[in-house]
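If you want the building blocks of each chain, they are given just below.
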Amino acid sequence: MVKTHVTMTVNGEAAELLCDTRATLLDVLRDELDLTGSKEGCSSGDCGACSVMLDDRLVCSCLVLGAEAEGCAIETIEGMADDDRLHPLQQTFLEEAALQCGICTPGFLVAAKALLDRHPDPTETEVRYWLAGNLCRCTGYDKIVRAVMLTAADMRGEPR
Amino acid sequence: MLTSGLSQQFTGGRSEIEVRAATVRQLLGELDDLYPGLGSELGTDTAIAIDGEIFQDPYLEAIGADSEIYFLPRIGGG
Amino acid sequence: MTTNGNGSTQGNGLKWVGKRTIRPDGVDKVTGRAQFGADFTLPGMIVGQVLRSPHAHANIRSIKTDKAEALPGVKAVVTSADFPELPSTFEAAGEVMLNFRDMSCNVLARKKVLYHGHAVAAVAATSVAVADQALALIEVDYEILPHVIDVIEAMAPDAPLLHDDMFTIGVEPTPDKPSNIAKRVEYGLGDIEAGFKAADVVVEREFTTKAVHQGYIEPHAAVATASEDGQCHIWCSTQGQFVVRAYVSKLLGLEISQLRVTPSEIGGGFGGKTVVYLEPLALALSLKCHRPVKMVMSREEVFQASGPTSGAHVWVKVGATKDGRITAAEAVLKYQAGAVQGSPIMPGCMCAFAPYDLENVKVVGFDVVSNRPKVAAYRAPGAPISEFGVECVIDEVANKIGMDAIAFREKNAAREGTHAAYGPRFGPVGYTETLRVAKEHPHYHAPLGPNQGRGVASGFWFNIGGDSSAALHINEDGTATVISGCPDIGGSRASLVIMAAEILGIDVDRVRPIIADTSSIGYSFLTGGSRVTFATGMAVIQAAEDVVRQLRERAAMIWEIDVEAVVWENGEARPSGSNAGEFDPLSLGDIAAKAGKTGGPINGHASLNAQGAGPAFGTHICDVEVDKETGRVTVLRYTAVQDAGKAIHPSYVEGQIQGGAVQGIGWALNEEYIYDEKGRLENAGFLDYRIPVASDMPMIDAVIVEVPNPKHPFGVRGVGEVPLCPPMAAVANAVAAATGLRMADLPISPPKLLEAIDNGL
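Chains as they are written, first to last, in this note's numbering: chain A, 1 to 160; chain B, 1001 to 1078; chain C, 2001 to 2761.
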């Protein structure tokens, strides 16, 4: 087993570790940094449960090697709330019951935040296609899409 | 009323039987007297509907004079 | 998005029931803090991996594990030799009767492997990499046998035989030759020959459905630890910690009290996590090496080796008069059980015609084994398959007569007092309500464009009650903890908190829920069968009523009056009238603060076996558009109407309806297990096992109807399973309306539809 030294920032904090060269970024986040909010649903980049931001790009962390994160800024679900203030998406998901079992929720929140940070006024179709890389089996997507649209309106300061 | 599987195994094909009993426990005893083994078989793996209400474990439930009893498989779920 | 139908009698003056509160576990779920099965770790933990069969059917001549055991870093290796041999009889385990020899053989193969992916051995090692190396060092000598996958092929007399001791039960006389048919069952009423003779119109059709997986996003995961004195603890993602305890102790020959099972948060189950796969292996490994062992399935393993639902062959025949009365209904159902017996053929038979008031009906069913993973429950197990065939034929009959699809169903609908097709008479049920609401919904009257079609279908599931325990502890400051034993898959703990708060009369935020492990709460049957809000809810209500009784007694003691003169209202004790005395009300907090002085801690308990679960019906409307150049079906609009009895938390009831409807759409249009000519699963991943994604679906309009179940204090009927029953037929009927083609073989995937369009099927 070969390990390599990796430094990166995760949710704004410096992280430094010896990383197995075969380990994925998801493995590193979960097993080395104890950030288990990102989930492993498929390890083939099909379900989106492992979604994180890598230097402002939305990626499946199961498809990124830990070593590739050298020098990068990672944002995970754990960094989404600001101290005890939930991000508007997190709050709206709760109010709109946009989660049932909750396993896909971190991935959806990271992906939805990436959408609204770039496109503050998406249509329903745009929301659905942006989130097509995140699988949910419990909700049928209805309340998730509604929650994202409502949050977008809130964040634009517009009536719902 | 029995399902066809049970009626074939125990009652020679009869699926409707009239019995006198005041509780399910008594009913099973009566059935065992009439058809040896039937009562204990019904006690373990079946649910019972009494006048339409399904009970999964009804030994102490009361049965009325004209109650209609159905024996059904235990129902699970997913 | 909620409509209250008539008959909502228990709805007046409720403070919390029916409100859309924020679920108590919600913040942990949206911040990633909640611990699911694979998120749990213990100090000194090592990992386990499973060696799986590369063949669909083979004898195991020998297994050599010595090289694997010698690899540095490997701490334990187990095969079926490490598991006791169990007799092949049906035994009680908790609430169900199961064949434990079959279960043991599915967990680890004994003399044969019966499907591609069947577990053969397991190793525990210091890392996944070492464990994988160890697997490669295990030498298994297989003698490959011919295999069979398809249910009809498996029933043929010369089919490859999976079990030489399988003699079909339910046929007279019992066959003298073994076969792959485990069982034949039959249900019926009346005289179907006479019924068909009386019909003006008869439609019969054959359908096939493929095996589909529940598709939970969280793979199976467990951590097991065994101490040197045989005390064992398992943490796992499960729908039923008590069921895991019962099965694992049986499989490993432990006393139940030796094993404690803690459920993690669960990332989806739908019935697929009501059985054990990794738990017995992880514990067996830990018993050998006394280290905690963590095992997590890969997505590929989930598809290869955890139970999908049955694939099936369904034949349906329905006869009706020209004014729309069904005179006879018949079906023959053949369900795949997978490698060992136990498909949901019985509920499939019983539910097939359940929405209808029939004099003459006959349903015959077969439980058939074949070389694929053992099936597990999937939302209303068995019913979606049979109801698919029936609802398609009902549609065709209505068309032939020239009657509206909903009107035809209304004319034949089961109501209170109807003799169900499976035997007993219905109590109050809401089927006709769902039909009426669907008929009056704007969706049903919206215009359609070219290549578009609308389909309707209904569905039914019994719902169950069962064993549940609950405790309600009053804290010294007047807040409360409600403790129960059913894992929360979809928001049920929010409903339990609502019910407790309602009875106690306090703010819902002052009640916190705990889902307890098997040592910390009384026996509770698993989460499934749409039972938690009903049965565990009933236990919570009784525990709360027990607490209220105690609170009144304490108040009476404090005021030195008779307990009969104390009432509990809005979270306070007050004298029932001015002649009882002039006392200021005592809040829950006031009384709790004095608990020690008035007799001790105030806690309520209830353990019950809930009877009287209310059956539920749903009616769905689906609009599709068919692209004639690609065969792609787009669902344009979907409305799902369902009788919930009483929606304790409407948002989570809607969620169940929406989720089930979309699973059904996936089952109808895309999902299937694909096997190669060697019997190996080809699409064991989410890329090629295509479940619906957000861009496939429209909004799902979930409409709740409330015809209360008189057997529950708030009128609750289970809601989780019915939604999966109507969608496949609703979609197929919509496609038929759009194209004139009756697609009877699921899934209606683009290549198949395109071929039918091109050849004018």
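Treat the hints with caution; some may be incorrect.
[Stated by the list, open to error] Ranges between beta-carbon positions, derived for each pair: (1) C:Tyr2523 <-> B:Gly1064: 29 to 35 Å; (2) C:Lys2064 <-> A:Val2: 28 to 34 Å; (3) A:Asp55 <-> C:Ala2156: 44 to 50 Å; (4) C:Phe2583 <-> B:Arg1020: 18 to 24 Å; (5) B:Glu1018 <-> C:Lys2752: 48 to 54 Å; (6) C:Ser2257 <-> B:Ser1040: 27 to 33 Å; (7) A:Asp154 <-> C:Glu2560: 54 to 60 Å; (8) B:Ser1040 <-> C:Glu2410: 40 to 46 Å; (9) C:Ser2257 <-> B:Glu1030: 35 to 41 Å.
Derived by calculation from the structure, the hints in this document are not laboratory data. Quick caveat, the model's predicted, so the values are computed rather than measured. We treat Cβ as the ideally placed atom computed from N, Cα and C, and that holds for glycine.
Taking the hints in turn, this is what the structure says about them:
About 31 Å separates the C-beta atoms of Tyr2523 of chain C and Gly1064 of chain B, a value consistent with the hinted range of 29 to 35 Å. Remark: the range hint 28 to 34 Å for Lys2064 of chain C to Val2 of chain A is upheld by a beta-carbon distance near 31 Å. In this structure the hint that Asp55 of chain A and Ala2156 of chain C lie 44 to 50 Å apart at CB is violated, the actual value being about 59 Å. Distance hint check: the CB atoms of Phe2583 of chain C and Arg1020 of chain B are about 56 Å apart, inconsistent with the given range 18 to 24 Å.
Roughly 52 Å separates the CB atoms of Glu1018 of chain B and Lys2752 of chain C, a value that falls within the hinted 48 to 54 Å. About 28 Å separates the C-beta atoms of Ser2257 of chain C and Ser1040 of chain B, a value consistent with the hinted range of 27 to 33 Å. The hinted range of 54 to 60 Å is satisfied by Asp154 of chain A and Glu2560 of chain C, whose Cβ atoms lie roughly 56 Å apart. The supplied range of 40 to 46 Å is met by Ser1040 of chain B and Glu2410 of chain C, whose beta-carbon atoms lie about 44 Å from each other.
For Ser2257 of chain C paired with Glu1030 of chain B, a C-beta distance near 38 Å keeps the hint of 35 to 41 Å intact.
Against the hints set out earlier in the document, violations occur for numbers 3 and 4.
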